[in-house]
Every structure is written in C-alpha cells, then in structure tokens.
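**Q** In terms of the working numbering, the sequence shown opens at residue 1 and continues consecutively.
These aren't lab readings, by the way, just hints derived from the structure by calculation.
Where hints are given, some of them may not hold.
Unchecked claim - List time: in silico DSSO-like cross-link candidates among lysine-lysine, alpha-carbon distance up to 27 Å: (1) K160 with K102; (2) K17 with K236; (3) K87 with K48.
Unchecked claim - Label-pair distances were calculated between CB atoms; the ranges are: (4) Q198 with I153: 42 to 52 Å; (5) T6 with E166: 27 to 37 Å; (6) L129 with I156: 17 to 27 Å; (7) K88 with A136: 44 to 54 Å; (8) L172 with E146: 41 to 51 Å; (9) Y154 with A212: 35 to 45 Å.
A virtual CB, placed ideally from N, CA and C, is assigned to each residue, including glycine.
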Amino acid sequence: MFTPSTEKIKQILLENKKVITQLENLLVGKFNSYIDYANVRPWSEKLKWHIDTRRLVEFLKSFDNVGQTKFYVGELVGDKNSKNFIKKITNEHYDVRTKPVKIMNIAIDATSIPKQSTTLLNNFIKSGLIRLYDIATIEYLNQKFEEMNKRGIYKIEERKCNFDVEMGRDILLDHERNNVDTFIIWSGDSDFAEPIEQLLNNGKKVILFATARRVSSELNNLVKKGLFVFDIQKIKDFICYNREITPIFKQKGLPFGSP
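The whole structure should be built from the sequences, with the hints applied where relevant.
**A** Below is the structure:
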C-alpha cells in the first residue's frame, strides 16, 4: 500500500493515482532498490530534470513494503563536494556503498607522434571505429591534440568508479538470503544483465527503473524473460527538484520551494 510520507507527496498523488496503482501492483512483497548513481546521474541530460535524492527516498518509503534502498556512489578523495554529498545521502537514510574514485592520467602528447598514427586515438576511440576513419580524419584528430599541447595540455584526467561487482554481489546475496521478493534496479547498464537474468530464472520479480533509450540491448533482451522496464518519467513530480515540478501543482499554491 502507498501511504504518502509527506504532505507534498499526498498532494501530487491526487493527479497521479494511476501510476501509483501500477507500482502497487508491480511491487509484490518486500522490495529492495539498488541505485547505480554513476549511471543514474547523467539521465538528467536526457530528461531535462534532476532526481532529488531526498524526495526519492521519501517517495520509496511511502510504500509500506519497502526494504533497503542501497545507493552506490564513488568518493572523490579530498573533494569537499563529494564528501558532503555522501554525508547528505547517508543522513537521508540510504544504505550507502562507496569507494574511492580512481583517477588515471592519459597522455596526449603528440610531439613525436606521426600525423597518420592512431596511437593517441586508441586511448579514446574503439578500434572498430578507427578502422573506418580515412587518413584525413586521423590527421585532423591528431591536429586537435597538437592544438591542446600548444595550450599546455599534455594529459587528460579520466575518473573511474564502477560498482557492477559490488552491486551484483549484493543483489545475489539478498536473493540467497531469500528476504527480498522484488528487486528494483536503477540502472541501464549491461553489466547487470547476468545477475538480473539469474534472478528471473529463479522466479524473482525484477523491475528496471530507467529512462527511454538509456537501457542496454542486453537488458532489453531480458524483457521476454520477465524483466519489467519502468520509465521514471512517470514519477517525475514525486522525485524531481522542487523547482522542476509540473506547474499545475504550483498553481494550486502548494509549498514547493528550492531547490
């Protein structure tokens, strides 16, 4: 059953009863959520709105069969904003999983690189695509590296923090303990295809919360096996920033402030 945990959710529910009924029917038994934040955060570019972590957890806790909400996010060591964000989501009562972000410096020094060489390009572009480039394209891209060198840029910082192993492990451990009936995966990454398929084969219900065209083909292929893909656009007003809530609610004089 869905019982609004805040007055704001209660008011928005009046215009969104159909989607909540759909979720009540989908979320069978106790459910856990697994949020791959590195995958979820960029969705805002496509959606043109942002997920408010506080409003999201308030929304999930409005379901009386909610279990744990596990949040996977990397920490940029020494970065105040990263530290504060992790503190924020911890205070919002997420079950936070974190580890340091790996920083790799990739050299782009084109000083001694032949103009027709793909040496630098191999670090950024898949080999199958490079093979399709003509000489003029390769020379043009190497010229761009040279221009960056002239501006004093000889390396590019790449950040990586993948949680596919940790998230997949937690999902399967929760399954083995048999204390979760429905698994909600917040990600469109193909890395989770294997654990999701295992859950489906064992008769568990799995719902992928994602956005249109941000789901990998490997996950889409599991729909025929029972994976349900739920478009989060349907619950936008429940989980977006206050300033992004549909104007109809603001016109009704509801207390929607910043952010």
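**Q** Holds or violated: K87 and K48, Cα atoms, limit 27 Å.
**A** Answer holds: K87 to K48 is near 26 Å, not above 27 Å.
**Q** Could you see if the CB distance from L129 to I156 stays within 17 to 27 Å?
**A** 19 Å, holds
**Q** Against the 27 Å threshold, does the CA-CA distance of K17 and K236 hold or violate the hint?
**A** Status holds; Cα separation ~13 Å.
**Q** 44 to 54 Å was suggested as the range; check whether the CB atoms of K88 and A136 agree with it.
**A** Since the Cβ atoms of K88 and A136 sit about 49 Å apart, the hinted range of 44 to 54 Å holds.
**Q** Given the hint of 41 to 51 Å, check if L172 and E146 actually sit that far apart at their C-beta atoms.
**A** 49 Å, holds
**Q** Is the hinted range of 27 to 37 Å satisfied by the C-beta distance from T6 to E166?
**A** Holds, since T6 and E166 (Cβ atoms, about 31 Å apart) stay within the stated range.
**Q** Does the Cβ pair Q198, I153 satisfy 42 to 52 Å?
**A** 45 Å Cβ-Cβ, so the 42 to 52 Å window holds.
**Q** Take the C-beta atom of Y154 and the C-beta atom of A212, compute their distance, and say whether it sits inside 35 to 45 Å.
**A** 40 Å, holds
**Q** Within a Cα-Cα threshold of 27 Å, do K160 and K102 meet the stated pairing?
**A** 5 Å, holds
In this structure, none of the earlier numbered hints is contradicted; all agree with it.
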